[in-house]
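Novice: Mind docking chains B, C, D, E and F on chain A? Use the hints.
Residue numbers (this note's numbering), protein chains in the order written: chain A, 1 to 300; chain B, 1 to 300; chain C, 1 to 300; chain D, 1 to 300; chain E, 1 to 300; chain F, 1 to 300.
Derived by calculation from the structure, the hints in this document are not laboratory data.
Keep in mind that this is a model prediction, so the values were computed, not measured.
None of the hints are false.
Each pair may be met inside one copy or between any two copies, as identical chains are not told apart.
Below, a list of computed lysine-lysine pairs in the DSSO-like style, where the Cα atoms sit at most 30 Å apart:
| # | residue 1 | residue 2 |
| --- | --- | --- |
| 1 | LYS218 | LYS202 |
| 2 | LYS219 | LYS238 |
| 3 | LYS202 | LYS228 |
| 4 | LYS238 | LYS14 |
| 5 | LYS14 | LYS213 |
| 6 | LYS218 | LYS228 |
| 7 | LYS202 | LYS238 |
| 8 | LYS16 | LYS218 |
| 9 | LYS212 | LYS14 |
| 10 | LYS202 | LYS219 |
| 11 | LYS219 | LYS14 |
| 12 | LYS238 | LYS218 |
| 13 | LYS213 | LYS228 |
| 14 | LYS228 | LYS212 |
Number of protein chains: 6
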Amino acid sequence: MILRMDRIPIELPKPKNPPPNAAAAVQELLGGRFGEMSTLMNYTFQSFNFRGREQARPYYDLIANIGTEEYSHIELVAYTINLLLTGTTERGDDPTATPLAAGTDARNTYHFIASGQSAMPVDSMGNPWTGQNVFSSGNLKLDLLHNFFLECGARANKIRVYEMVDEPTARAMVGYLLVRGGVHVVAYARALEHLTGADLSKLFPIPDISNKKFPEAKKLEDQGLHLKMFRWSIDDYKRVGEVWNGPHPEDGQELVVEDTIPQGAPPPDLDAEPQLTAPGVDAEFLQEAAKRLFGKEAMA
Amino acid sequence: MILRMDRIPIELPKPKNPPPNAAAAVQELLGGRFGEMSTLMNYTFQSFNFRGREQARPYYDLIANIGTEEYSHIELVAYTINLLLTGTTERGDDPTATPLAAGTDARNTYHFIASGQSAMPVDSMGNPWTGQNVFSSGNLKLDLLHNFFLECGARANKIRVYEMVDEPTARAMVGYLLVRGGVHVVAYARALEHLTGADLSKLFPIPDISNKKFPEAKKLEDQGLHLKMFRWSIDDYKRVGEVWNGPHPEDGQELVVEDTIPQGAPPPDLDAEPQLTAPGVDAEFLQEAAKRLFGKEAMA
Amino acid sequence: MILRMDRIPIELPKPKNPPPNAAAAVQELLGGRFGEMSTLMNYTFQSFNFRGREQARPYYDLIANIGTEEYSHIELVAYTINLLLTGTTERGDDPTATPLAAGTDARNTYHFIASGQSAMPVDSMGNPWTGQNVFSSGNLKLDLLHNFFLECGARANKIRVYEMVDEPTARAMVGYLLVRGGVHVVAYARALEHLTGADLSKLFPIPDISNKKFPEAKKLEDQGLHLKMFRWSIDDYKRVGEVWNGPHPEDGQELVVEDTIPQGAPPPDLDAEPQLTAPGVDAEFLQEAAKRLFGKEAMA
Amino acid sequence: MILRMDRIPIELPKPKNPPPNAAAAVQELLGGRFGEMSTLMNYTFQSFNFRGREQARPYYDLIANIGTEEYSHIELVAYTINLLLTGTTERGDDPTATPLAAGTDARNTYHFIASGQSAMPVDSMGNPWTGQNVFSSGNLKLDLLHNFFLECGARANKIRVYEMVDEPTARAMVGYLLVRGGVHVVAYARALEHLTGADLSKLFPIPDISNKKFPEAKKLEDQGLHLKMFRWSIDDYKRVGEVWNGPHPEDGQELVVEDTIPQGAPPPDLDAEPQLTAPGVDAEFLQEAAKRLFGKEAMA
Amino acid sequence: MILRMDRIPIELPKPKNPPPNAAAAVQELLGGRFGEMSTLMNYTFQSFNFRGREQARPYYDLIANIGTEEYSHIELVAYTINLLLTGTTERGDDPTATPLAAGTDARNTYHFIASGQSAMPVDSMGNPWTGQNVFSSGNLKLDLLHNFFLECGARANKIRVYEMVDEPTARAMVGYLLVRGGVHVVAYARALEHLTGADLSKLFPIPDISNKKFPEAKKLEDQGLHLKMFRWSIDDYKRVGEVWNGPHPEDGQELVVEDTIPQGAPPPDLDAEPQLTAPGVDAEFLQEAAKRLFGKEAMA
Amino acid sequence: MILRMDRIPIELPKPKNPPPNAAAAVQELLGGRFGEMSTLMNYTFQSFNFRGREQARPYYDLIANIGTEEYSHIELVAYTINLLLTGTTERGDDPTATPLAAGTDARNTYHFIASGQSAMPVDSMGNPWTGQNVFSSGNLKLDLLHNFFLECGARANKIRVYEMVDEPTARAMVGYLLVRGGVHVVAYARALEHLTGADLSKLFPIPDISNKKFPEAKKLEDQGLHLKMFRWSIDDYKRVGEVWNGPHPEDGQELVVEDTIPQGAPPPDLDAEPQLTAPGVDAEFLQEAAKRLFGKEAMA
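Bound-form chain A, shown alone (with noise of 0.2 Å):
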């Protein structure tokens, strides 16, 4: 079960005149193989599937804790898709206006079609997320050596996307993510040392290149969020320390888990978008049926 917050985990600037095809590319992010839909689903699958974990209680722990934190991720790529598409098109209730041409040329014509300027579990060619990735072996070794492959997969893609959109809303997003989805890497990577011995940390960075390059990344890992397991849990998930320990990999800093979250920042209020007739209803008309059906109090 979980508990959910009117809160995405940090704000993000409002673009102006954003391309259409700035939100096609960031989809990619969202629902591409590896995009945050599947970091989101490979966890929270591995955890419900999670055998013997009386004896392996760290493991499951981290694996379910990190699975967690991936819903804030869905949630910010989301609502900068979101951000990116809102104004795209002409505002307006008069169809014979053509007020969607321009989403006759965007590259997603499904954002114009089927959704209302919104984000969609697509990738950033119009092809649906799917199951088939979500991996779940049950063998413990195989599932962590998966997930630190997809977070190094899923680093390449975002810094792709980077380089692909100047966006601030894209970027600031992407930044964060780089160093969020870097803690996850390391952990991955330290879960499979503990358990064997093995020393990954001369791997690191997959791809070849540091989030200092980045400023947004650079100026979260400055603060030192790229050091922060988060516990996404209030009484659970508290032996995620047991992994989350020792030296940063690439910068030797303390790595220490934090029994909070992120305070982060109310979802941006997205305008109405007429001419999609998204949401469709106008406030007075639902003051109106709200004074109707409940009487004058319930919206005082």
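Specialist: Positioned in the frame of chain A, the structure of chains B, C, D, E and F alone reads:
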């Protein structure tokens, strides 16, 4: 952002000698078009994508809150599958004994090859869940109508899986989900009624069979579980009560919002399956590894 | 069994210099999840699969009859696409002139490689229509609810494609389909009302914009086209009138069953595209072939 | 546009206690790559997309006309599946009796969960039919060659399904389709011959087994059914005879065009399956509903 | 078993400033339904699956031998794509310079996110190649007919891609493949003729345009390349000549078997793309690594 | 370019009365996500796409060389499937005898309908292999890490299929592939070690069970087969030895490069299956056809 608890909504009875095809059938309720992955992801994306939410807050709160509950449903179905698969093959570490012979004729061979006899995001035919199952048009009435239909379709699937499988583990799960899914059916109908003034109460139930015909559901409805909208958040989604109110369309009892969530139960500890090397590491080794890496006190 | 006429429901204006991406967008209305392939195949399969039809004949007749009309809708969308693609590349038979250069940047390259600049069973992103789009549960209320939702979703898609593309060919087609699809929305709502007694009329329209806002649709509604259920059979489906009756939920005019079908128009003759060798045989050759094989009189 | 008759091409014998896997196998002939959905949709799209039809009218007429016949083939296969699935589970309205237990081990669980024991647009493995199965290149020779190959591949599939299933319902259907599909094989070969002058008659039959080896087909061929091209239109497609003429390549009898279509038979009335709530409404209720809504005379 | 040479069939000219959409279009010839992955895998599987090969050895040899040649075709198309993508973005190692901006509007974003500006097993719309493209019925006539159709369809695709893209790299590749694919068309026609006695020579060419119209192909046909069946084996497939003989159906020249394969050319050395960290390791580092691990002499 | 030999790596014992579901399970090792189609195509594409190969030649040689060996693995698995399917149905040419009845309950009906009881590029659930299984990022470390993970995942699948199927044909194949796949696991680990200096040897084996536990593999390892990197080229890929050297991580024996390939064995001659018309032509007919077309001497 979410917080996760190491608890599932209800305690699941452990099956004895379950047939592997029972688990294969139950997969429909997890990764099928109308499975819990679909309800979870539909409402989650709709909440991210909700435009004009300030004007329509109660509807936003409703969708976000129900979406949060669905997480507990995917885990409940996943654990049911995991229990139904535990012990379906011959335990042991000698591969020449053909310990997985039972898997060869099983309907879902992925359970034995890709997973460690555990749940996957696939349906009853082994086809993966896909992002095409998510509908998020941005138009509030259309999204609510979709959700109402989705829950009715999900209800039909649950009923039919109940009729296919008589394992108590599966039936306890379906009974619970029929009741909670029933809450969601009513909630989306109420939301449409509030928005439009239409009276949908005469449509119930869809399909034409009452939850009372399912003993595991009836027991919970006798306790009033079908009347309660839990609020799956510490501080947010407080306006769900502006939609969730009035009499239940089937028995006329008053709908209520609970500011807490179900107490639930710890997730079952799944036995190791050594023939699948799941998890593949034994307690002794891990004990030793922990000592080597953290020192004695770490495991104390 | 069916009989086919070499006519389509309305005459389509020929576009001048259409952009190829207009055709790509219109594909959503043919091969998309909510396209006409979906409405055709849903109702067709539901009619084949209808159990207990003797007791519920009017509903069977309704679904079978609407399914039959949908055939005329797939052909209308297909011809729209074909006209929009005709002449989008440079005509000629010299491949070195790169006559298909315009296709390289077009959103749907299948139009230029797999097809001869013509319609395909794919959506606006080029993804193929799939049988997963067919819902046929066997439960009458659930199937009707599905159909009601499907038609509302299809309506949203049509509106949005109208707003993307201002080619008169496309708008004539969408205008007609908005009206006829509107008939189907009402029909499924009426069927649900008859079965259950619920009053769904206040839900209209979904999405929240009237057909009257679309000049091409308004013109047809002014002629009463939204009130008519055509009977697409010489001798059968005569009990549709037991469902299709009463006042229209939006303007209160009386619904009527017509025992005929639209007069329609001959399908447009599509110009050859020699650079695509479509059709690849010239009149002279065929004349000669006919003579050789059948004798002179055959082509007289 | 089409008109539909409430008749199917032949009468199908009702099976007794059919095994559900027979229906699963027959699905290949409906929703498989070489199933009737494919022949229907290939020729239908090719007819919509036919360029330069004025010059090549007989070929257009041929493709459009055969495409129209294919509709009667999808319904014939669908009804076969429906009959084969009727009664495969235990009838009753008590879900606790596990009435669908037989579905758990069945190869196609969608038949029992997604559908009401009825046909779906999927193949023998439950994979959905897809628009990728449609080939429509615009080049006439290539499209005809494709169709010739498609019909030969479809013939192979029919033969093999015949050899898998000995239910008379299935064999009556396959026997009929072997004969009618045989007409289409010959028709496309003739069209290629007419266009090019090549003599394809020595290729027959593909695969290397005669229809005469199948008693249900032989009986129909003895009546000359393999020689007849029905014209599936009241007024159109009249030039099919310019292609469909000359001696049959296997037995040398003269090919003929019939200006009528088969008399056919009423579709079987499918029994209700109450455990699936299919259709879920009983006669009494409907009678009452009709009275309530239409007045007594409506049902008279 | 195979042996591989570090050579490709012809030398490819390097493009200057190629547009990324040229590479996207060429993908159809690699990973499309009629791409070289399909020809390779169809004939490879058919050769593995060939039953009764002792009796039908020449046909087995033919299919296996052509399948072997197809490997050289996938590599030729892959290198064409790789050259067309090289240099399409801005080289450099500063991610903040948005070096991949050109990828955002490119039709195939996978080229810039998933791959290092290189070839993928996908088609011109980015949809992955699938095993559904393989046909292997076991019936020899049917498999040969399929192969004949497949090669004709592949020919149509090559012609159309030629007409879309005027980059000399692409046209050199297509010219070569038109000639070699033409050999395969004739080979499968000859095999069918030998098996059945039918004369298919009048069907040529499909589509209705000669290879001579393509200067890059004409040049090679003037050298007789369309007459040669290379034998892609040191010791095996020696009976291909029992099928590959007689006059070429288009120009009447004698078909010949060559016991050697084309001399070919070394594959192009693809420049590094540092902004993609492809390959991500520089010469200096690797030199150093080699010394560290193997000692100085290893790299000498 | 490649040359092919009419030999497979080892001789496969012929099974007696194999159950068809054994073949269905083995398909996972051919067309599954971790099957040999995946290893073949991953390394093949990575070799085509390798950038900067002059600086990193030993790694290029390694990947290209291993990719070449994988061809021999797909053929070995394919022949295993073919042998396991031979004779699973009733031989004969009378279709009314229902000779394929055994296929109706088989897990993979494609084996009996689409193929002539032979291998297909599908997995154990009949889902087709897809290009999505290919990873080729262009970043050398990331591609190597992927390959290391892929081989470990493939190893897990092989072990599990071994445990499902006790047919000696299948076990001989798996035993061989465990050894050769083990070589590839070590090779990619060594490559990563050379590139980075990390020591991965303690990770072995993944999953946690030694090849020595599998008698068919142990026998081959006792002969040193796990130490040998064959060079699958006459003249190329000579620098593989710069990576493939040092002690084996599990038993410490010295790794060696062989300049030859395995001697192998002729592929099994697969019996005809007349009920499937596979191949559908008898020796007598072919003899006659050869005479007619080539004259007597051709077959001498």
